[in-house]
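Chemist: Sequence:
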Amino acid sequence: MTEHRKRYSSEFKAEAVRLMQTSDKPVAEIAEDLGISEQSLYRWARQ
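According to the numbering used here, the residues represented by the sequence shown are 30 to 76, in order.
Calculated from the structure, these hints are not laboratory results. The C-beta atom is built at its ideal place from N, Cα and C for all residues, glycine as well. Careful, some of the hints might be misleading.
[Said to hold, decoys possible] Pair ranges (Cβ atoms, derived):
hint, residue 1, residue 2, range
1, Arg36, Arg75, 13 to 21 Å
2, Arg75, Lys54, 17 to 25 Å
3, Thr31, Thr51, 19 to 27 Å
4, Lys54, Thr31, 32 to 40 Å
[As the list claims (entries may be wrong)] Derived pair list, reagent style EDC-like, types lysine to aspartate or glutamate, alpha-carbon separation capped at 20 Å:
hint, residue 1, residue 2
5, Lys54, Glu32
6, Lys35, Glu67
7, Lys54, Glu67
8, Lys42, Glu61
9, Lys35, Asp53
10, Lys54, Glu44
11, Lys42, Asp53
12, Lys42, Glu67
13, Lys42, Glu58
Construct the complete structure from the given sequences, taking the supplied hints into account.
Modeler: Listed below in structure tokens is the structure:
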């Protein structure tokens, strides 16, 4: 059984990073709200 990774648009990634940088919420909570992993959010922020 093959697992397919979900692809996110560059707009979604940019908005997620903006939320991470401007919100008072913990990164874990933001990631959970968006349905993504913390690792993805940190990786997008580095890009």
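Chemist: Look at each hint and say if it fits the structure.
Modeler: Quick rundown of the hints versus the structure:
1. Distance hint check for Arg36 and Arg75: the Cβ-Cβ separation is about 18 Å, which falls inside the suggested range of 13 to 21 Å.
2. Take Arg75 and Lys54: their Cβ atoms lie about 20 Å apart, and the range 17 to 25 Å holds.
3. Restraint check, Thr31 to Thr51: a C-beta distance of roughly 37 Å breaks the suggested window 19 to 27 Å.
4. Take Lys54 and Thr31: their Cβ atoms lie about 34 Å apart, and the range 32 to 40 Å holds.
5. Note on Lys54 and Glu32: the hinted pairing is violated, with a Cα-Cα distance of about 31 Å set against a maximum of 20 Å.
6. With a CA separation close to 15 Å, the supplied pair Lys35 and Glu67 stays within the 20 Å bound.
7. The suggested pairing of Lys54 with Glu67 holds, with an alpha-carbon distance near 13 Å, which does not exceed 20 Å.
8. With a C-alpha separation of about 14 Å, the suggested pairing of Lys42 with Glu61 holds against the 20 Å cut-off.
9. For the suggested pair Lys35 and Asp53, the alpha carbons sit about 27 Å apart, so the restraint of at most 20 Å is broken.
10. Distance check on the hinted pair: Lys54 and Glu44 sit about 15 Å apart at the alpha-carbon level, within 20 Å; holds.
11. Only pairs whose Cα atoms come within 20 Å are accepted, and Lys42 paired with Asp53 is accepted, the gap being roughly 18 Å.
12. A hinted pair counts as satisfied when its Cα atoms are at most 20 Å apart, and Lys42 with Glu67 qualifies at roughly 12 Å.
13. At roughly 16 Å between alpha-carbon atoms, Lys42 and Glu58 fall within 20 Å of each other, so this suggested pair holds.
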